Amino acid sequence: MTFPILDIHNLTHIYSQGEGGIFDISFSVFKGEFILVTGKNGSGKTSLIRHLNGLLFPQKGKILLHNKDILKDLTLTRKTIGMVFQDADTQIVGDSVFDEVAFGPENLNIKRDIINKKVNGILERLGLIKFKDRNPATLSGGEKRKLAIAGILAMDPEIIVFDEPFANLDHPSCLSILDIIADLSLNGHTIIMATHDVETPIEYASRLLIMEDGYLREDGGIQDLVKKLGSYGVKEPCECRIKEKPLPWQS
Amino acid sequence: MAELNPFEFRPGSTSLHYLDTRCKFFLVCIMSLSLVNAGFLSCFIALGVLLFFLKQIKFKIVETCKQLKYFILFLVFLIIVRSLTMPGDPIVSFHGMAITSQGLYQGSLVALRFFLVMVIGLLFSATTRTASIKTAVQWYLKPIPFVPEKRVAIMISLALRFLPLILKQGRETSNAIQSRCGNLQKNPIKKFIRLTLPVLKKVFLSADHLILAMEARCYCENRTDPEFKTWEKEMVFIISSLCLSLCMIFTNVYA
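As you go down the protein sequences, you meet chains V and X in turn. Here numbering that gives the first Met the number 0 is used: the first residue of the first sequence is 0, the next is one more, and so on. Here numbering that gives the first Met the number 0 is used: the first residue of the second sequence is 0, the next is one more, and so on.
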């Protein structure tokens, strides 16, 4: 029997202004899954994924990572669950591409020579090595998004959470980011992606979560839920892009 | 691709980039102190040296001056105030107010000193990584008892990280106002309020996002610090700067 790596139980968070938030959300994440969390603007996608990284604390319910409450050890949580933000500009803190990628491992107090080796390897893998000494502010939108992913990969996360990774990107940049995410998924990373653009990543996804007004309305396989997307205000993807894919724990 | 603001770090391979940050800190202090009482001749000597380094790091001087127009306007304001308030031989007088030659001289000198200190800061920030500045501050504060050097260094590094963010928000808001003919507003107070309030709001919001992003990657006090890279020519720079400072002091005394 396969155990979930991440378990969300009755997660509730209501914002202080009394409006918005998420209510009574429960689901489990299994190793190697590629989950799309979708819904209209303001449906609670970002609020949900911010809880996974310990950036928001549940007011009710709990999140278990490998059967341990994620709030017990936030450093371990943030090392295990990496989060790529919607706006790469606000995520980037380094003075150069190299410094930006090294930022995470430096926070984990890893030895300098190991950091250098790791950062160079990741920059090579994502095709950013030629920009190594460039100031991140001078990169294009797609390159900045890649850099944001590189910064998270440097911390060796098991689960990577993406918040609208295709927002404000042109088509080639979207495809290039999708290639990276698909590659991460194939290499065993568990992917959770909050997006309203379901069509771009759908061929790699194994599961769909649909949110509405802060509630998790639907949870299931792509084939089962794709036709329901329209009724939740999300654009239905072209059928030609949907592939039959068994859920990892079923295969 | 965005244009860098003048105070942002520009990677490069010039002598200033290779210099140890601790040494750069020392040079900044020496040069700034020498400028406190410097006369025109000393200031022009310093300006020559600084222009050489600006050219070396490929700074576009005219473009940079355009970006720093508000600072330059402040210096002009300083000259005007000094010229009008300092007693001396009047050059021009109107409605009972006079621009004096002594005031003009003193005002220009103070403005030039301010300008040079700003150029020194600009050279320092353009050739030094934020992380190295943090480590150098930590290194200087370590021997001082009862000073939490790591905490102070982190505060400085956070402030340095926020500075480009504030400038970027200011530029973007100003563009947004201008694109909707905001420049037609003639009342300077209304103009000021229309720019500053949205900038402040956006800066706080961006700061919030930046803090979240740093927190998401476990930002803490005990992190791997960058190593100091000594270039073995630091002594040459220290001796040269001391000589330059002495030269500026003597020029001032004998001028």
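Watch out, some of these pointers could steer you wrong.
To be verified - Which residues of chain X face chain V? A few of them, derived with a C-beta cut under 8 Å, are:
| # | residue |
| --- | --- |
| 1 | S31 |
| 2 | A158 |
| 3 | R170 |
| 4 | E171 |
| 5 | S173 |
| 6 | H208 |
| 7 | L209 |
| 8 | A212 |
| 9 | C242 |
Said to hold, decoys possible - If you anchor each label on the Cβ, the simulated ranges turn out as follows:
| # | chain 1 | residue 1 | chain 2 | residue 2 | range |
| --- | --- | --- | --- | --- | --- |
| 10 | X | C180 | V | K71 | 49 to 59 Å |
| 11 | X | F39 | V | L73 | 15 to 25 Å |
| 12 | V | G229 | X | Q184 | 23 to 33 Å |
| 13 | X | C180 | V | D182 | 29 to 39 Å |
| 14 | V | G232 | X | N221 | 23 to 33 Å |
In case anyone wonders, no lab produced these hints; they're calculated from the structure. Since this is a predicted model, take the numbers as computed values, not measurements. Idealized CB from N, CA, C, for every residue including glycine.
Against chain V, run the beta carbon of C242 (chain X) and see if the smallest gap drops under 8 Å. At 31 Å from the nearest chain V Cβ, C242 (chain X) fails the 8 Å test, so the hint is violated.
Status of the R170 (chain X) interface restraint (C-beta, 8 Å, chain V): Hint violated; R170 (chain X) Cβ to chain V Cβ min 12 Å, cut 8 Å.
15 to 25 Å was suggested as the range; check whether the CB atoms of F39 (chain X) and L73 (chain V) agree with it. Between F39 (chain X) and L73 (chain V), where Cβ atoms are some 58 Å apart, the hint is violated.
Does the nearest C-beta of chain V fall within a distance shorter than 8 Å of the C-beta of S173 (chain X)? S173 (chain X) check fails; min Cβ-Cβ to chain V is 18 Å, beyond 8 Å.
Interface hint check: E171 (chain X), Cβ to nearest Cβ on chain V, cutoff 8 Å. Holds or violated? violated, 11 Å
Against chain V, is L209 (chain X) within 8 Å by beta-carbon distance? holds, 6 Å
Starting from the hint 49 to 59 Å, judge whether the C-beta atoms of C180 (chain X) and K71 (chain V) obey it. holds, 56 Å
Can you verify the interface hint for A158 (chain X): is its Cβ closer than 8 Å to any Cβ in chain V? violated, 13 Å
Is the hinted range of 23 to 33 Å satisfied by the C-beta distance from G229 (chain V) to Q184 (chain X)? Because 46 Å falls outside the window, the suggested range is violated.
For the hint on H208 (chain X), does the least C-beta distance to chain V fall short of 8 Å? holds, 4 Å
For the range 23 to 33 Å, tell me whether the beta carbons of G232 (chain V) and N221 (chain X) fit it or not. violated, 46 Å
Holds or violated: the 29 to 39 Å window for the beta-carbon distance between C180 (chain X) and D182 (chain V)? For C180 (chain X) and D182 (chain V) the Cβ distance comes to about 48 Å; the hint is violated.
When the structure is compared with the earlier hints, violations turn up for hints 1, 2, 3, 4, 5, 9, 11, 12, 13, 14 and for no others.
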